[in-house]
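Chemist: So the chains spell out like this:
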Amino acid sequence: DAGVIQSPRHEVTEMGQEVTLRCKPISGHDYLFWYRQTMMRGLELLIYFNNNVPIDDSGMPEDRFSAKMPNASFSTLKIQPSEPRDSAVYFCASSRDRAYQPQHFGDGTRLSIL
Amino acid sequence: AQRVTQPEKLLSVFKGAPVELKCNYSYSGSPELFWYVQYSRQRLQLLLRHISRESIKGFTADLNKGETSFHLKKPFAQEEDSAMYYCALLYNFNKFYFGSGTKLNVKP
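These protein sequences, in sequence, are chains S and H.
Reminder that position 2 of the first sequence reads as 2 in my numbering, one-by-one numbering, no gaps.
Reminder that position 91 of the second sequence reads as 91 in my numbering, one-by-one numbering, no gaps.
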């Protein structure tokens, strides 16, 4: 089992460009979470889905951020337009049934906005 | 509002010494607390949760509601324990609030 798969692993782009991060959760997991990790703020929950439906997006910093989960095996986090302060490591995690089940994290995407 | 505080960014101990990673929380509801760990070049993973009252890799953590703490302890640290440790609070049924993390360095 490859676990949660995120792509790309690294992304470097210029300010103003659109960025799309991708995540494939573990098969059979009902919950999917997007986190952002920075030195200043640590690991923050951005949004989570249950059965492909966004449940809570209160952690999404601005309207420039959007997330979708078109099916049980794929989710995207999009930033448009990107800004240098969006530079961070973005993690995707999935879990079965309820959030207090172990969350399985992907390797993360290291995003640098120049 | 909920909050998790890990006061130490870095903790260095010698192999065989006891280790305690501190975690304090603030939450008006009934807390469910966890420790997650990230070893070098590995993914963030669950280490233990307070409801299980388990010992994993020699680590234990006791929830102290009076002191609002959930410190992680191990009596004899090993070099392979070197990693980044995150304390996390589950709130509103499905949301995790992570502390800023403590890097544990176990020296030979």
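Just so you know, these hints were derived from the structure itself, not from any lab.
Heads up, a few of these hints could be off.
Claimed, not checked - Example chain S residues on the side facing chain H (calculated, C-beta under 8 Å, incomplete):
1. Gly42
2. Leu43
3. Leu45
4. Pro54
5. Ile55
6. Asp56
7. Asp57
8. Phe65
9. Phe74
10. Gln103
11. Gly106
What the hints assert, rightly or not - Below, a list of computed lysine-lysine pairs in the BS3-like style, where the Cα atoms sit at most 25 Å apart:
12. H:Lys15 with H:Lys95
13. H:Lys65 with H:Lys9
14. H:Lys107 with S:Lys78
15. H:Lys95 with S:Lys24
16. S:Lys68 with H:Lys95
17. H:Lys73 with H:Lys9
18. H:Lys65 with H:Lys22
19. H:Lys107 with H:Lys65
20. S:Lys24 with S:Lys78
Claimed, not checked - Just so you have them, the derived chain S footprint on chain H, three or more residues with Cβ under 8 Å:
21. 42–48
22. 93–99
Idealized CB from N, CA, C, for every residue including glycine.
Chemist: Give a verdict on every hint.
Modeler: Structure-based check of each hint:
no. : hint                  : result
1   : Gly42                 : holds, 4 Å
2   : Leu43                 : holds, 4 Å
3   : Leu45                 : holds, 6 Å
4   : Pro54                 : violated, 12 Å
5   : Ile55                 : holds, 7 Å
6   : Asp56                 : holds, 6 Å
7   : Asp57                 : violated, 11 Å
8   : Phe65                 : violated, 17 Å
9   : Phe74                 : violated, 19 Å
10  : Gln103                : holds, 7 Å
11  : Gly106                : holds, 7 Å
12  : H:Lys15 with H:Lys95  : violated, 35 Å
13  : H:Lys65 with H:Lys9   : holds, 23 Å
14  : H:Lys107 with S:Lys78 : violated, 42 Å
15  : H:Lys95 with S:Lys24  : holds, 20 Å
16  : S:Lys68 with H:Lys95  : holds, 18 Å
17  : H:Lys73 with H:Lys9   : holds, 16 Å
18  : H:Lys65 with H:Lys22  : holds, 14 Å
19  : H:Lys107 with H:Lys65 : violated, 33 Å
20  : S:Lys24 with S:Lys78  : holds, 15 Å
21  : 42–48                 : holds (count 4)
22  : 93–99                 : holds (count 7)
Violated hints for the displayed structure, listed by number in ascending order: 4, 7, 8, 9, 12, 14, 19.
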